[in-house]
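The primary structure of each chain is shown beneath.
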Amino acid sequence: MPDDARRIAETAARVSYGRLLAGLVAWSRDIAGAEDALSEAFIAALTTWQERGVPADPDAWLLTAARNRIRNSYRHQGVRDDAAREIERRHEALSRPSPEPVPDERLKLLFVCAHPAIDPAIRTPLMLQTVLGLDAVRIGSAFLVAPPTMGQRLVRAKAKIRDAGLRFTVPTGEDLPERLGDVLNAVYAAFGTGWDTQPGAATGAQDLTAEALYLGRLLVDLMPEEPEPRGLLALMLYCEARRNARRDPAGRFVPLNRQDPSQWSRDMIVEAEGLLTSACRSGQFGRFQSEAAIQSVHVQRPVTGRTHHAALKVLYDLLATHAPGIGTLTSRAAAVLDAGDPDRAMTLLDDIMSPGTESYQPYWVTRAHTLLALQRPDDARSALQTAIGLTEDEAVRLYLIETGRTWPDPS
Amino acid sequence: MQYILLFTEPETEFARRNDPEHAGEYWGGWNAYIGALAQAGVIVNGDGLQPPHMATTVRVRDGRRMVQDGPFADTKEQLGGYFVIEVPDLDTALEWAARSPSASCGSVEVRPVLPPMTAPTT
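Heads up: the sequence lines are chains A and B, in that order.
Note that the first sequence covers residues 1 to 411 in the working numbering.
Note that the second sequence covers residues 412 to 533 in the working numbering.
Chain B on its own, in the form it takes in the complex:
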């Protein structure tokens, strides 16, 4: 089954990305984690994301397009990246989620991916 791992991190964690004192540690942690995922051959696809202040949110209401600076919700933890992995069951997906750096400082939402749509057979 395919699962998406949505990594959310607090503001402090995003700040470490460009902090000369902590950047090495931050990226080192993620590189090691992604390396382990790759070595296990479970990655379907995935990316890290630029920080939340680079986000723009779009809504269309009554035909009007509303564009807003920032992420869709103002929460303490924000989406920092995602991976789609192919593993046998949820328990294995949770094991991978727990190993990620963001599990220790933020959280990881794990969700099964919908199987591809098929055309009606009738």
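The shape of chain A in the complex, shown without the other chains:
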């Protein structure tokens, strides 16, 4: 029985953490205070539930316990100013017994974490900590930041949300597309921490792809009418489906066009296709839908036996018009090169040359291949050297060095 209580408390902690925290923050506006109160409530639950049995509604029990702690802490500090009185008033209103279940406020929490007044670099960590309950050690290791530093940044961001009075709502009307874009970018950034991690690597396994997929699914559930969350989830699933195919059994890097499709996850691809199809019914353009559609074209290769270059060109042109980042523009040039037009690819690459491309590895890989196709092997080799120098992933570096060996000797 005691073990049972412990198990139920732990399950509640995992499943309900974000919901409970969002519910508390919705009326206190104080994330750090709500986190402290909630963790104290979980500790209290472990002892109380073991002694007196598990309550009928564990979430409601935890919420009440946490609310009482927040109220006590305000009393302890002394209710001095209007803000504290206002919180007290809201609390009284909310603590009356209510037959309604606790509303899910996690969407508001996601939007406040990705608020434009919050530093973009801390938005993803903030979401991971508040909605999923990850600690600063885990988040810091995924973002290559020392845990104490990550902890301080999180504390500062939470203080800003509370003290600068950020609005805790889901934006509507013309604000929504941009604000939703910020939320989706922050979720995608969590996914990005895992993309460069070698599969099966012993030490680099601290990536956050599972967490990003969880947040992606949550957004689809909470905003079923919006197409872009579906686009993002589809994009992440297409990429995740190919995770294991990116290395051969010896750990060597395998580029997309040489991957063995039998290594791709069929289930994830099917789910991604379904999401993308339902997203496109809205008829609204979106960056993530376009990126997912590009992935969809790539996974058709094993079915049709070839890559549909014309479709890729249309999609990249669309994406380049609406979201012209260097990643998109570089990929577009690569698609043009693959379609057999190195002259046009070179023009595109020259057009986007900027301080941002100087240290952008994919740009130099694409440039090297384009120069080779234009029969300029010396320039190609020099661009490839730059690409190799910018590569972080050991397997990719070895692959690029190997690629260079197959090229014609310098004249």
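Take the hints with a grain of salt, since some may be wrong.
[To be verified] Pair ranges (Cβ atoms, derived):
(1) A:R281 to B:A434: 53 to 59 Å
(2) A:D163 to B:A443: 29 to 35 Å
(3) B:T486 to A:T64: 48 to 54 Å
Hints are computed from structural coordinates only; laboratory data are not their basis.
Owing to the predicted nature of the structure, the values given are computational and were not obtained by experimental measurement.
All residues carry an ideal CB built from backbone N, CA and C; glycine is no exception.
Starting from the known structure of chain A, arrange chain B on it as the hints suggest.
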């Protein structure tokens, strides 16, 4: 909550204040903006300021008073005025900041005002 909106403008914008060709447009923009703030009933207080070259900066170091002609920092954008407004949240304050003429040519810093100090209760 109370927020201060600090309006900063580039040199060119200050110059328009007394330029016969542009002064009407400049002051017209500000008057309309301040009128909208007043109509919404959000103004706690606020003023426009004389141009940066009228500023004098004072520092006291090691008991010595140092007075310097000009604003505290030589930057491209300088403080041109401020308003303290009473609105429910930062998002509303940012909406008001974005409507000001200086948001389009300079910038607006928005900061929550510290609540009044209270005497220790112990």
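Here is what the structure says about each hint:
Evaluation of the 53 to 59 Å hint for R281 of chain A and A434 of chain B yields a pass: the beta carbon distance comes to about 55 Å. Our hint of 29 to 35 Å for D163 of chain A and A443 of chain B holds, since their Cβ atoms are close to 32 Å apart. Take T486 of chain B and T64 of chain A: their Cβ atoms lie about 52 Å apart, and the range 48 to 54 Å holds.
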